[in-house]
Amino acid sequence: MQTRTILQPTLAAVLFILAGCDRFTQTAEPSSSGAEASAPTSEADVSAEASTDLSETSESASDSASEAALTDFPHDDPTKLVAGSGSGYSEVSNWAPGICFPIQSVAYANSQVYSPGGDHYPTTSASNHGSQCDAKNYAYPWHDNFCEARSWTNPVCASGSGHQGQDIRPSTCKANLYWAIAAEDGTVTQVGSYTVAITGNATPHRIYRYLHMQKASVQVAVGDHVVRGQKLGLVSNNLGVSNGVQQYTTIHLHFEVRVAQAETMSDGKQLAANAFVPPYAALVDAYQRRLSGDCAAATP
Amino acid sequence: MAVVVAASTGPAEAQTLQGNSSPPAILQRRPLPPAPVQWQAVLDRLARVRASRQGPGVVARLVKSELDKTELPVLLPREGVLDTAKAKLMSFGDAYALDLPQAKGVHITAYGNRTFLPAPAGAVSRRPITRLKDVAEDIRITQMEDGWTATFSRYGMVYSLDVSCDDAAAPECKTDGYLKTVITQFDDVGLGARAQAEAERFRANANQTGSLVDQLTKSFRDLTKGG
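Those protein sequences? They're chains P and A, same order as listed.
Going by the UniProt record's numbering, the first residue of the first sequence is number 1, and it counts up by one from there.
Going by the UniProt record's numbering, the first residue of the second sequence is number 1, and it counts up by one from there.
Just so you know, not all the hints are guaranteed correct.
[Stated by the list, open to error] Cross-link-like lysine-lysine pairs, in silico, DSS-like; alpha carbons within 30 angstroms at most:
hint: 1; chain 1: A; residue 1: 133; chain 2: P; residue 2: 215
hint: 2; chain 1: P; residue 1: 269; chain 2: A; residue 2: 133
hint: 3; chain 1: A; residue 1: 180; chain 2: P; residue 2: 215
hint: 4; chain 1: P; residue 1: 136; chain 2: P; residue 2: 80
hint: 5; chain 1: A; residue 1: 69; chain 2: A; residue 2: 174
hint: 6; chain 1: A; residue 1: 88; chain 2: A; residue 2: 174
hint: 7; chain 1: A; residue 1: 64; chain 2: A; residue 2: 104
hint: 8; chain 1: P; residue 1: 215; chain 2: A; residue 2: 104
hint: 9; chain 1: A; residue 1: 180; chain 2: P; residue 2: 269
hint: 10; chain 1: P; residue 1: 215; chain 2: A; residue 2: 88
hint: 11; chain 1: A; residue 1: 86; chain 2: A; residue 2: 69
hint: 12; chain 1: A; residue 1: 133; chain 2: A; residue 2: 174
hint: 13; chain 1: A; residue 1: 104; chain 2: A; residue 2: 88
hint: 14; chain 1: A; residue 1: 174; chain 2: A; residue 2: 64
hint: 15; chain 1: A; residue 1: 133; chain 2: A; residue 2: 104
hint: 16; chain 1: A; residue 1: 64; chain 2: A; residue 2: 88
hint: 17; chain 1: A; residue 1: 133; chain 2: A; residue 2: 180
hint: 18; chain 1: P; residue 1: 269; chain 2: A; residue 2: 69
hint: 19; chain 1: A; residue 1: 104; chain 2: A; residue 2: 174
hint: 20; chain 1: A; residue 1: 86; chain 2: P; residue 2: 215
hint: 21; chain 1: A; residue 1: 69; chain 2: A; residue 2: 88
[Stated by the list, open to error] Chain A regions said to be covered by chain P (calculated; three or more residues, Cβ under 8 angstroms):
hint: 22; stretch: 42-51
hint: 23; stretch: 110-124
hint: 24; stretch: 130-144
hint: 25; stretch: 180-188
Just so you know, the hints here were simulated from the structure itself, not pulled from any lab data.
Where a beta carbon is used, it is the ideal one built from N, C-alpha and C, also for glycine.
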């Protein structure tokens, strides 16, 4: 976490209070055995909650992100992972400046695996890793979890493998209530059973991938044009199916950014490829703007 | 992280957070100028595939307006193995995405882009490469949360192919085997109006340069004879 003086306007204070209140008033706590792949709450159990809709907010990218003021909030620095959760990474860039924060509520970026309810959350019992609805998961500070230990190839990570995006919990431990929204103006280029991808209209045509939305709530189809802040679907615990059986994760949005990169070699030639890049710095920036009213009204 | 600034409205109150006092500097990476297309390689490939394929190819199934505004070569699968009936091209001018839904909830998405962000040393070169039979380029394959992705450079552009499955246990997503098959299928290429115009300009310039070289060679021979 950082030492700094922050300026906290009234809006941010209200958001803090609302987030805290939600934690104490929520009633449906989905029990969880933990890991990203094994949270047992069914989509059907909670889908009715989606009818308690949030305020309609769909601002376009024409709202200048650069003109928005910034409000700070408690967050760890980029690259600082939960102790023991992975090799981490060292190079810090804002790979997606000016994006709209991808959840339309107060949100908590943190680990799904090394936090309460996650398979690697340390407790005294090997089989009890706590609850994903633990208040610790719904509180600041944010934690980076790009490069958290995973088997997937990821050259950004010191170990050469790791988590390829950032996990973000919505305001409360309720599935199918909070909207995932478009990070920038773009076109929907893929829709899977629990994945939506948007390619940005503007260069460098970043690919944003959203995982774990409730399938029935997804509002977009391949080829649709979306504007910054437009609703895509409800943040859920959907992990698709395996052998025909529905799988569940913890309630969160997995948010990825991919870009076409070029590395300049010693002979001056460029070596180019598409790559996952750490979204955390861009998300912190987007959330700071969100707290000042950029893009969409943050509602709990 | 860099210290951030001010509130837009109302009186602000100061608060100090405890912790690390030396946050890392955050780089802003600006896109490089669009990469030049290696048109000679494109034209050579087009000539080869046109000679070998039956019919117009998958390119005929794409929406013409989307294809026509695409500045770069659109990689396409040859017909026969993959289902191309619902092929959908989405063009951004200097980039595109091609959606190819397959049976049983298998999704193939192809991306092409000519605009790159500068990458730190090792970002690309450190990545393991795969070589495939009948594919000239080095392929970089990565498992994703919901499938597999491969990326490679062809004609000076960056392309990637994603395979994802609605059912994680589907054989197409259990290993990278299916993705490798998909890559080998993508050996056709389509050009829309803008790309064709650029290819024609390249060809005209090449011809002009060629005839200039011929003229210079002839003049040199004449001079040598005269001497």
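Right, here's what the structure says about each hint:
With a CA separation close to 38 angstroms, the supplied pair residue 133 of chain A and residue 215 of chain P exceeds the 30 angstroms bound. Distance hint between residue 269 of chain P and residue 133 of chain A is fulfilled; the C-alpha atoms sit about 25 angstroms from each other, no more than 30 angstroms. For the hint pairing residue 180 of chain A with residue 215 of chain P, the CA-to-CA distance comes to about 29 angstroms; that is within 30 angstroms, so the pair holds. For a cut-off of 30 angstroms, the pair hint linking residue 136 of chain P to residue 80 of chain P stands: about 18 angstroms separates their Cα positions.
Taking the CA atoms of residue 69 of chain A and residue 174 of chain A, the gap is near 36 angstroms; set against the 30 angstroms cutoff, the hint is violated. Between residue 88 of chain A and residue 174 of chain A, the direct Cα distance comes to roughly 26 angstroms. Compliance with the 30 angstroms bound is thereby established for this hinted pair. For the hint pairing residue 64 of chain A with residue 104 of chain A, the CA-to-CA distance comes to about 28 angstroms; that is within 30 angstroms, so the pair holds. Taking the CA atoms of residue 215 of chain P and residue 104 of chain A, the gap is near 17 angstroms; set against the 30 angstroms cutoff, the hint holds.
Between residue 180 of chain A and residue 269 of chain P, the direct Cα distance comes to roughly 27 angstroms. Compliance with the 30 angstroms bound is thereby established for this hinted pair. At roughly 21 angstroms between alpha-carbon atoms, residue 215 of chain P and residue 88 of chain A fall within 30 angstroms of each other, so this suggested pair holds. Between residue 86 of chain A and residue 69 of chain A, the direct Cα distance comes to roughly 20 angstroms. Compliance with the 30 angstroms bound is thereby established for this hinted pair. At roughly 21 angstroms between alpha-carbon atoms, residue 133 of chain A and residue 174 of chain A fall within 30 angstroms of each other, so this suggested pair holds.
Annotation: proposed proximity of residue 104 of chain A to residue 88 of chain A holds, straight-line Cα distance about 18 angstroms (limit 30 angstroms). The straight-line distance between the Cα atoms of residue 174 of chain A and residue 64 of chain A is roughly 35 angstroms, outside the 30 angstroms bound, and the hint therefore fails. Between the alpha carbons of residue 133 of chain A and residue 104 of chain A the distance comes to roughly 27 angstroms, so the proposed pair stays at or under 30 angstroms and holds. About 11 angstroms separates the Cα atoms of residue 64 of chain A and residue 88 of chain A, which keeps this hinted pair within 30 angstroms; it holds.
Distance check on the hinted pair: residue 133 of chain A and residue 180 of chain A sit about 10 angstroms apart at the alpha-carbon level, within 30 angstroms; holds. About 29 angstroms separates the Cα atoms of residue 269 of chain P and residue 69 of chain A, which keeps this hinted pair within 30 angstroms; it holds. At most 30 angstroms may separate the alpha-carbon atoms for a hinted pair to count; residue 104 of chain A and residue 174 of chain A meet this at roughly 14 angstroms. With a CA separation close to 21 angstroms, the supplied pair residue 86 of chain A and residue 215 of chain P stays within the 30 angstroms bound.
Distance hint between residue 69 of chain A and residue 88 of chain A is fulfilled; the C-alpha atoms sit about 14 angstroms from each other, no more than 30 angstroms. Chain P is given as covering the stretch 42-51 of chain A, and this is violated because 0 residues of the stretch bring a CB closer than 8 angstroms to a CB of that chain, at least three being needed. Proximity of the stretch 110-124 of chain A to chain P, defined as three or more residues with a beta carbon under 8 angstroms from a beta carbon of that chain, is established by the 12 residues found. Counting residues of the stretch 130-144 of chain A whose beta carbon lies closer than 8 angstroms to any beta carbon of chain P gives 5, which meets the minimum of three for the stated coverage.
Counting residues of the stretch 180-188 of chain A whose CB lies closer than 8 angstroms to any CB of chain P gives 0, so the stated coverage by that chain is violated, three being the minimum.
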